[in-house]
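Participant: Sequence:
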Amino acid sequence: MPSADPVLTTEQAAQLAGVSRPYMAKLIDAGVVELHQKVGNQRRVLRSAVEHWQAVERKRQARALKRLAGDLDE
Numbered sequence: 000m001p002s003a004d005p006v007l008t009t010e011q012a013a014q015l016a017g018v019s020r021p022y023m024a025k026l027i028d029a030g031v032v033e034l035h036q037k038v039g040n041q042r043r044v045l046r047s048a049v050e051h052w053q054a055v056e057r058k059r060q061a062r063a064l065k066r067l068a069g070d071l072d073e
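Residue numbers 0 to 73, in numbering that gives the first Met the number 0, belong to the letters of the sequence shown in order.
Any given hint could turn out to be false.
Subject to a maximum C-alpha distance of 30 Å in a straight line, what follows is the list of computed DSS-like cross-link-like pairs (lysine-lysine) [stated by the list, open to error]:
(1) Lys25 with Lys65
(2) Lys58 with Lys37
(3) Lys58 with Lys25
(4) Lys37 with Lys25
Distance ranges between label pairs, derived from CB positions [stated by the list, open to error]:
(5) Gly30 with Lys58: 14 to 24 Å
(6) Lys37 with Gly17: 32 to 42 Å
(7) Ser19 with Ala63: 30 to 40 Å
Since the hints were derived computationally from the structure, they do not count as laboratory data.
The beta carbon of each residue, even a glycine, is placed where N, CA and C say it ideally should be.
Please build the complete structure, drawing on both the sequences and the hints.
Facilitator: Take a look at the structure:
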């Protein structure tokens, strides 16, 4: 029975988010994407942590675009 919140490797998390594996590793190391566990020197994250980061990132981008559009209107 698959887990409702699967544990992902950095490669799987990067593919899910549409970013490179090294960038995902940097996000995890910086604490932007929550680390679930380390297996040796490999990081594991929960799918929900990646999806949460994506949602926050989309909101941040939308605010930045709105500000840019406002600046262009002035």
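Participant: Range hint 14 to 24 Å: satisfied by the CB atoms of Gly30 and Lys58?
Facilitator: holds (18 Å)
Participant: Can the restraint linking Lys58 and Lys37 be considered satisfied, given a maximum Cα separation of 30 Å?
Facilitator: It holds: about 29 Å lies between the C-alpha atoms, which stays within 30 Å.
Participant: Tell me if the straight-line CA distance from Lys25 to Lys65 falls inside 30 Å.
Facilitator: holds (27 Å)
Participant: Given the hint that Lys58 pairs with Lys25, test it: the Cα-Cα distance must not exceed 30 Å.
Facilitator: holds (20 Å)
Participant: Measuring from beta carbon to beta carbon, are Ser19 and Ala63 in 30 to 40 Å?
Facilitator: violated (21 Å)
Participant: Measure nothing beyond the straight line between the CA atoms of Lys37 and Lys25; if it is 30 Å or shorter, mark the hint as holding.
Facilitator: Measuring from Cα to Cα gives roughly 14 Å; hence the hint holds.
Participant: Just to be sure I understand the hint, the distance between the Cβ atoms of Lys37 and Gly17 should be within 32 to 42 Å; is that true here?
Facilitator: Because 24 Å falls outside the window, the suggested range is violated.
Consistency with the previously given hints fails for numbers 6 and 7, ordered from lowest to highest.
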